[in-house]
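Asks: The hints should help you fit chain B onto chain A, whose structure is shown.
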Amino acid sequence: MIRRYAESDPDVRLMLRVRDDDAEAFGQLVDRHQDRLVSVLTYQVGRRELAEELAQEAFLRVYRARHRYEPGAKFTTWLFTIANNLALNAKRGLARKKEVQLAAAAPDQTGVAGPHPTAASSAMPTRLADRAELQQAVRAAIEGLGERQRTAVLLAKFQHMDYAEIGEVMGMSAKGVKSLLARARENLRVALTPYIQRGDAAPDSPGATQPFAEDAP
Amino acid sequence: MSEQDRSATDLEDADPLDETLVAYLDGQLDAQQSERLEARLASDPQARARLSELDRVWNALDTLPRHCASDAFTRTTVEMAAFTASDRGDRPSRRARWAVAAAAGVGVAIGALITLGVVTGPQRAMLADLPTVLHADALEQAGSVEFLRRLGEAAPQAAAPSPAAREAADEWARLESASLPDRRAWLDGLDPSALAEVNDKLAAWNGVTPTRRDTLRETSQELAAAPDPQPLRQAALAYDELVGALPASYQSRLRQMAEDERLAEVVRRGDDWRREAALRLTDAERGAFREAIERIAAGGGFKRLAGLAESQRRGAQRLFERRPEVALMMIAYGASAGFDDRRFLDGDRPAADEMRRRVQQQWAEWEAQLTGALPPRVQEELSEAESDASRARTIARLLRDSARGDLATAFSELDDRALERVLLEPEDRFLEELGEATTFGPDFGPPWGWDRRGPRPPFDRRRDGPPGGPRPPPSPGARGPGAPPRQG
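Taken in sequence, the protein lines are chains A and B.
Going left to right, the first sequence walks through residues 1 to 217 as my numbering numbers them.
Going left to right, the second sequence walks through residues 1001 to 1488 as my numbering numbers them.
Treat each hint with caution, since some may be false.
As the list claims (entries may be wrong) - To be clear about the criterion: a stretch of chain B counts as covered by chain A if any three or more of its residues have a C-beta under 8 angstroms from a C-beta of chain A, and this derived list gives those stretches:
| id | segment |
| --- | --- |
| 1 | 1049-1059 |
| 2 | 1064-1074 |
What the hints assert, rightly or not - Quick list of simulated restraints, FRET-style, between CB atoms:
| id | chain 1 | residue 1 | chain 2 | residue 2 | range |
| --- | --- | --- | --- | --- | --- |
| 3 | B | Cys1068 | A | His67 | 28 to 36 angstroms |
| 4 | A | Gly93 | B | Ser1144 | 47 to 55 angstroms |
| 5 | B | Ala1225 | A | His67 | 20 to 28 angstroms |
| 6 | A | Glu70 | B | Pro1016 | 49 to 57 angstroms |
| 7 | A | Glu49 | B | Glu1197 | 27 to 35 angstroms |
| 8 | B | Ala1031 | A | Val190 | 29 to 37 angstroms |
| 9 | A | Glu70 | B | Asp1191 | 21 to 29 angstroms |
| 10 | A | Arg19 | B | Glu1222 | 31 to 39 angstroms |
| 11 | A | Gly93 | B | Asp1191 | 26 to 34 angstroms |
Please keep in mind that the hints were generated in silico from the structure rather than gathered at the bench.
Here a beta-carbon is modelled for each residue, glycine too, at the ideal position from N, C-alpha and C.
Extracted from the complex, chain A is given alone in its bound form (with noise of 0.2 angstroms):
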């Protein structure tokens, strides 16, 4: 049952090779991760830099638990909740800090080229001016959101996780999730129906109901 498990899952083959201390395995685990890893954690505190050191650390943490891998949830559930546990203590610990320095924040702490309107329209590629002022919206959407809710969000979103993973990583039973997700969704909708509405995210999700498919000319 286990072998058939591991055949089917190139996470847990890599994982069985990196708890026989095989370093390799262990660089393809991370190079398989580190992307999404990061991008679901640059939006979970807002900052990119601290995104990596905490992704790196997730990581680390994997590889220090190896020799006690057995191959059971996913690996992935397992990675987001150990990366998960660390962007809340990050967060508690930023949270902290603020409250002594009161330090100005950044604009734009996320490293993310944020795209401004005008600059996209006159020096990006059209395709891309086009997405510019949705995206901006959505990111002050994702902003906009409560920690879990943004959490919920991200792995649903970037991961793919369905509920009973997303609840795994979060510490909540899936039909919380399917509430949490439906609360987001809907503060999402409200946020962002203006700009939908003018048919800006067309472009990019060919998969969506065609907005104005009733108005062929």
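Replies: Positioned in the frame of chain A, the structure of chain B alone reads:
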């Protein structure tokens, strides 16, 4: 809202219908629940609208930029891990020490343990994606291999490659079949400007969502696996050339269309698009065209006409001097209307007659000069014109494009308030307005109607138009020579 308030609202119950709709979209309902919901959706338009809204919002999240770990991420992480492995104590939180050790060179020694394959992972992935990355635009425009196949049958003209597209398709095929080291060698052999172009495409590729990248990869693979990949590649590039010159909003609308609808659109409008594309000058071609304009502007005939024009309309002389291409454009439109359009020459009758006579005398010579400076494909378009009038109108259009081509000049001529206003517009509208504002200058309002276009730019009514999204551009044939000019 404070973090605490947010946490409190997190825990409130969501609307039960919302919850079900969201779970449905997330594929988290079982078969029975799905069936129940689908039955309700069939009879409840409000729920349907709600579902589609939630779906669109969720899809909008795909525009969110994904972050990539820095290039050294894998290497440093593996080095740190290897260092822990050698540190038997496995004590927690020694990262600072590892970092110092790595910096001191310990890490380099450990780095040697890592196979080359791991270190160059990202680069390998990039090389593997290279053919897709380079043609992501064309693949995105086409949408699917099936579309390209049908395009070849339904609109062979639109799928017929230009010599450049044919060459690019050959290169695409070579790159597709090349091994990764050969692709690397190909990159190394590129000249700096070609390499910069590749890098731009890579940057654009990295800005695309992973889901989108996966879709493009799949299309690319499907194309490569087709029994007849070469005509399909040519069709993809030809189609991209054809629609790539259309307004961005129209392009995105095309991409959203169902395949049948899009094919019908190509069949219906393809010829117009092709003509439009043929008339679009490259920078070098525009340069040659401008030189011809300058030569005409330096001639005595043009200068005498400027003086005469001033008596017709105040500020005209200044326009002739500063923007000869605009003056010529107006003359060309005049020629297309037989020089008796009252908006071209009105006012004092004898002076107007005198000017009309002079312009008529000069026009043939100027037209020849302008035509001679154009590239062969445009000359061919002009020689195929149905009448002198339609030829003059095409030249007027080229003059108009040339007048509007130089955005740097356009920027410098706008005052701050105008600049601020146009900068806040979406890109298509912004270019349009920038063109209008500077083509005619502050004291010479745009003579709408001269070029047989509507009183407002026809594209991009996204902001203030009806909720129908952007409209397709008018076909140039739609308002022919006989159509009445619109009121400006």
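Asks: Evaluate each hint against the coordinates.
Replies: Here's how the hints hold up against the structure:
1. 1049-1059: Held - the segment 1049-1059 of chain B has 8 residues with a Cβ nearer than 8 angstroms to chain A, which meets the minimum of three.
2. 1064-1074: holds (count 9)
3. Cys1068(B) <-> His67(A): 28 to 36 angstroms: Taking Cβ atoms as reference, Cys1068(B) and His67(A) lie about 30 angstroms apart, which means the hint holds.
4. Gly93(A) <-> Ser1144(B): 47 to 55 angstroms: Cβ of Gly93(A) to Cβ of Ser1144(B): about 49 angstroms, so the range 47 to 55 angstroms holds.
5. Ala1225(B) <-> His67(A): 20 to 28 angstroms: violated (43 angstroms)
6. Glu70(A) <-> Pro1016(B): 49 to 57 angstroms: violated (39 angstroms)
7. Glu49(A) <-> Glu1197(B): 27 to 35 angstroms: Holds, since Glu49(A) and Glu1197(B) (Cβ atoms, about 31 angstroms apart) stay within the stated range.
8. Ala1031(B) <-> Val190(A): 29 to 37 angstroms: Given about 31 angstroms between the Cβ atoms, the range holds.
9. Glu70(A) <-> Asp1191(B): 21 to 29 angstroms: violated (55 angstroms)
10. Arg19(A) <-> Glu1222(B): 31 to 39 angstroms: holds (38 angstroms)
11. Gly93(A) <-> Asp1191(B): 26 to 34 angstroms: violated (50 angstroms)
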